[in-house]
Amino acid sequence: MPSITRQPFRTAVLVLVWGWLLFLVLAPNLLVVGASVMTRDPGTFISLPLNLDAYRQLFDALYLEVFLHSLYMAAMTTLVCLLIGYPFAWALSKLGKQRQLLLIFFLIVPFWTNSLVRTYALKMLLATNGLINSSLMGLGWIDEPIQMLYTEGAVIIGLVYLLLPFMILPLYSVFDDLRQELLLASHDLGAGRFATFIHVIVPLTLPGVLAGVMLVLLPAMGLFFVPDILGGSRNLLVGNVIKNQFLDARNWPFGAAASIVLTVTMAILMLAHRLSKQRIGEEGAG
Amino acid sequence: MKKLALAGLLAVGLTGCSSEEPKVLNLYNWSEYMPQEVLTRFEEETGIQVVYTTYDSNEAMYAKLKLLDDSAAYDLAVPSTYYVSKMRQEGLLMPIDRSKIEGFDNLDPELVNLDIDPDNRFSIPYLWGTTGLAVDTADVEGDPVHAWADLWDERFEGRVMLTNDMREVFHVGLRVLGYSGNSTDPEQIEAAYEKLTELMPSVRTFNSDAPRVPYLEGETDVGMIWNGEAVMAEETMPSLEYVYPEEGIIAWLDSFVIPKNAKNPEAAHQFISFVLQPEISALISEEIGYATPNLAAREMLPDEVANNRASYPTPEDMTNAEFQVDIGDEALQVYAKYWEMLKSGR
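Which chain is which? The protein sequence lines are H and A, in order. Heads up, the first sequence is in my numbering, so the first residue is 1 and it goes up one at a time. Heads up, the second sequence is in my numbering, so the first residue is 1001 and it goes up one at a time.
The set of hints was computed from the structure by calculation and includes no laboratory data. Heads up, a few of these hints could be off.
As the list claims (entries may be wrong) - Residues of chain A clear of chain H, computed beta-carbon distances all greater than 10 Å:
hint: 1; residue: P1144
hint: 2; residue: E1198
hint: 3; residue: A1262
hint: 4; residue: Q1270
hint: 5; residue: A1336
What the hints assert, rightly or not - No more than 20 Å apart at the CA atoms, straight line, and that leaves these computed lysine to any residue pairs for SDA-like:
hint: 6; chain 1: A; residue 1: K1337; chain 2: H; residue 2: D60
hint: 7; chain 1: H; residue 1: K243; chain 2: A; residue 2: A1063
hint: 8; chain 1: H; residue 1: K243; chain 2: A; residue 2: D1119
Unchecked claim - If you want the footprint, here are the derived chain A segments under chain H, 3+ residues with CB under 8 Å:
hint: 9; region: 1048-1060
hint: 10; region: 1200-1208
hint: 11; region: 1215-1228
Heads up, the beta-carbon is just placed ideally off N, CA and C, and yes, glycines get one too.
Could you put together the complete structure from these sequences and hints?
This is how it looks when you write it as structure tokens:
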């Protein structure tokens, strides 16, 4: 009886979810795949015949270099996020429930402001006559302003700022699930703090680390507006190349191919994540 | 600063409480290229609401208009010289009905009926300007800067700004080597690229949103700037000088065009006529520092504007000056490739 009454609601939800996925996820991605195998056309952007030229072009030394450098920038961002996020999430999980909620709320509040606006705000902090430099000079700690804006460091700061919550939240969830009994057991069995950390805490929080890395690494390669604003509009990320291909060079197949490569990289990472999770699960069970 | 879809979507106040649908003019223009006062006055006079959206490169504007769909339904755009001819030839533009345009005769005869658009069937000149050298005299010591080639000087390491415009940056590279800034010869373009890579360690940033800003921020001391931006910067930063480089300035003319899929071409015609009024053209030139092609407006300009060499160059300043022309898609691809390489280089 209840299953019948629930039926219309279930159908509605399913239609909504599937409709959403089909029209807003699958269709656009198929369009991108389609565009990537077409031929560049100065008149209509893309035209037949189908070919893989765009992908071949990706293997140009120039783009490999951009990709590798982009990966490097993203890896640095991820590392910094991890170094800040891990202790942060740990400490967070140790607080009382009320405080936890409050801090998580603070973590999420910035999302209510457009990331572009926040990046401009960061620019005002980092500029040569910005807040940081003028404060330091006012305090007499430095004589000459430090050049921070329009450097790779500024871009990494910007990326960390925008992506840090994506590292903290999955880590927080694994720390929150970390059972105190296991730590006590470890101590009882004679493990010191360090040994407990390495042999108990790290393996148990690894899924959170991997999830955080995934959520930070790939987006970091695509946030083209961060180098545009903080990095002096150079092509520091794959995202910049993609944007340029669509807007300036009008080579849509190539831009599409580059974005497919990013998507595929993401898929591979997710697969690796799944496999590692299964492996950890098995170990845990055994 | 209105890059990237943040695009200042400022709908200028509404016209009272009339029950009928308010008329709207979708104006697609360069960032900081139209004083707010002009939009407000147009609105007051005609009751047409202006939705002002901005772009920071011809390429971005073109890519959006080219789609000719609802997402890019603009009634008026302002492409530069070479894009007018390109868009006209590709059939992206609606012919302008001259009978609805008042004040066309005020325009400088030297700036109408150009090759880009014979008889101005599709375009009406809005402003013209130049891209030259900006020098912060407060921070630059030693010999005065008077040529593009001076940017390569070692003393400017890390202090140079270039516009984020492929054609302009290559124009500089080509001119320094003695070639035309409109070169379509792949070898010359490659040579310009090689030359520009030597400059890259000095380049702090590329900026075409508001090229005066990195100078005002103190991030850069020398480099490229649009003359209007230099004039706008004068107030807050008197030490920033606009210099006409020896190798020749880059000159351009921006014109109003009506895209083929415009929803309200009537309002677009009205707006063009509104801007062509000498009083309004004078106001625009005074406010944003670019030169008006409207001769009647020039007579109304205060002396300090009319005699400002940054806005209105003397004939000597224009020695070696080159207007940008359409270079065709083939050459464009060559430029695009080297531009990508230049901006990816470290």
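Hint check:
1. Separation of P1144 of chain A from chain H is adequate, the least Cβ-Cβ distance of about 23 Å exceeding the 10 Å criterion.
2. The Cβ of E1198 of chain A sits about 16 Å from the closest Cβ of chain H, beyond the 10 Å cut-off, so the non-interface label holds.
3. For A1262 of chain A, the condition that its CB be more than 10 Å from all CB atoms of chain H holds, with the nearest at approximately 20 Å.
4. Against the 10 Å criterion, Q1270 of chain A stays outside the reach of chain H, whose nearest CB is about 31 Å from its own CB.
5. The claim that A1336 of chain A lies off the interface is violated: its Cβ sits roughly 4 Å from the closest Cβ of chain H, which falls inside the 10 Å cut-off.
6. With a CA separation close to 11 Å, the supplied pair K1337 of chain A and D60 of chain H stays within the 20 Å bound.
7. For the hint pairing K243 of chain H with A1063 of chain A, the CA-to-CA distance comes to about 12 Å; that is within 20 Å, so the pair holds.
8. The suggested pairing of K243 of chain H with D1119 of chain A is violated, with an alpha-carbon distance near 36 Å, which exceeds 20 Å.
9. Closer than 8 Å: that is the beta-carbon criterion, and the region 1048-1060 of chain A has 3 residues meeting it against chain H, so the requirement of 3 holds.
10. Taking a C-beta to C-beta cut-off of 8 Å, the region 1200-1208 of chain A contributes 5 residues in contact with chain H, enough for the three needed, and the coverage statement holds.
11. Three residues within the 8 Å Cβ limit are the bar, and the region 1215-1228 of chain A against chain H gives 3, so the coverage statement holds.
Violation of the numbered hints given earlier is confined to hints 5 and 8; the remaining hints are satisfied by the structure.
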